[in-house]
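Student: Below are the chains, spelled out letter by letter.
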Amino acid sequence: MEWRDNRWAIEYGDARESVGSLPDLPSLADARAMLAQWAATLAKARPLSADITGQVPLAARVRSAADSLSAPSTIRALTEIDEQWRRSRDPRLLTPAAEALSALALYVEDRADMADALYARALASSVLARTFTSESPRRTDVLLAHAMGYYGEADDSARALPLDDPIRRFFEHADSSLVSLARRDNAEPIARYLAITRAAEGGTAAWLSARSMWAPWRGQTTVALRSGLSARDFDLDQALPTALATALQQLTKWANQGNASGS
Amino acid sequence: MDPGTEPSRSRDVLWPSPRPQSILSRLEFPVPGSPFPVRLVLGIAALVIFVVLAVRDRMPQEPAVTPAPAASDSAARTIRDLVRYARTPARSVLTVQPHEMVDVIRATRRVRPDRRFLLAVADVHGLLIGAERAAARSRGVARQPLGDRVRRRA
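If you read the sequences in order, they're chains B and W. Each residue of the first sequence is one higher than the one before, counting from 2 in this note's numbering. Each residue of the second sequence is one higher than the one before, counting from 24 in this note's numbering.
Don't read these hints as lab results, they were simulated from the structure. No experiment lies behind these values; they were computed from the predicted model shown. Worth double-checking, as some hints may not be accurate.
Derived lysine to any residue pairs resembling SDA-like cross-links, with alpha carbons at most 20 Å apart [claimed, not checked]:
no., chain 1, residue 1, chain 2, residue 2
1, B, K45, B, R90
2, B, K45, W, G149
3, B, K254, B, S74
4, B, K45, B, L26
5, B, K45, B, W86
6, B, K254, B, I76
7, B, K45, W, A130
8, B, K45, W, G66
9, B, K254, B, R227
Footprint (simulated), chain W over chain B, 3 or more residues, beta carbon under 8 Å [said to hold, decoys possible]:
no., region
10, 2-10
11, 19-31
12, 74-81
13, 120-130
14, 189-198
C-beta atoms are modelled at their ideal positions from N, C-alpha and C, and glycine is treated no differently.
Please work from the sequences and hints to get the whole structure.
Tutor: Here it is in structure tokens:
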């Protein structure tokens, strides 16, 4: 990467293959455009599979895993996607992969900048899904922009979602309608997660109350706790460490049970 | 006997001489047991010291290390490194022309793009081509992110 003609010129590999360029202060949209152009160039050299007839492999399972806000299920689904992608290079796998990776990125509380590889992989999958499929992972893009810290772009993208979408309600700070969406019996897990996240901004008591409303979340407890970690000062809050310890105990128990049943 | 010309021992002890005396005047006479007069020895020593000081002043010396020059040197080195990091020709802050100074400072302060964008470049390549990653893995640098590779080359 070097500064050339008032833009960042990006090159890749030992051969310094030209990828594209970025402005002085690139936005997420700038990065998406550059990556899409780079992907189209690479696909000419090695096209994706043209045989895309039949059922979309794994899509339903991956989507349900990502929607369930369960990190272990999502990781397992991603492993299967990876195996199928190596075999088939079916472009229809890109959308569920992007959804699963973006969901994982949403769960991460990355204060030490250690999860850059996860964000990058989610961004790459999202761009490839947009470039090579007709499906537009709009909700995924909104959540990914928010997870990566591009809040303005997340707000702008959320306005394109349907009015009753909990993600749009969350970004528009329509808290009462978000909570009513989360209280439905058949509510989406993401609606409940966003409602808990918003409740955490109001204090520990509100967060614990909202969290207990939909408990127990088997295998999802850490994801719910992440919402508390994102909004609370951990060292000043006595309730959160206690809840975290309890949740980790439950998660460990759950993981041990999973390992025992798996073996 | 005139007491002013030949003071008695008792007067000499009780009443100091009205004539001021240099301390060296007591060394005016040869030291008992020494073949050289002390005044001559002291004069030679003073001459030697004078010559040594004169020669030392004319010799090239290490600059005195004080906090201010040390900080200045550190700042110059930092700016030089930053300029090199920005891939512009390395120049001393003392030789950069005033009209170039703005560009040099701007280059050193420019924010590099989000590292995750660069990692995504490598990921897009890895997902679509995958060959270079496999080759890199065989060379033992599979985990090296693109950003670090770019930085090292810079």
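Student: Against the structure shown, which of the earlier numbered hints fail to hold, in ascending order?
Tutor: 4, 7, 8, 12 and 14
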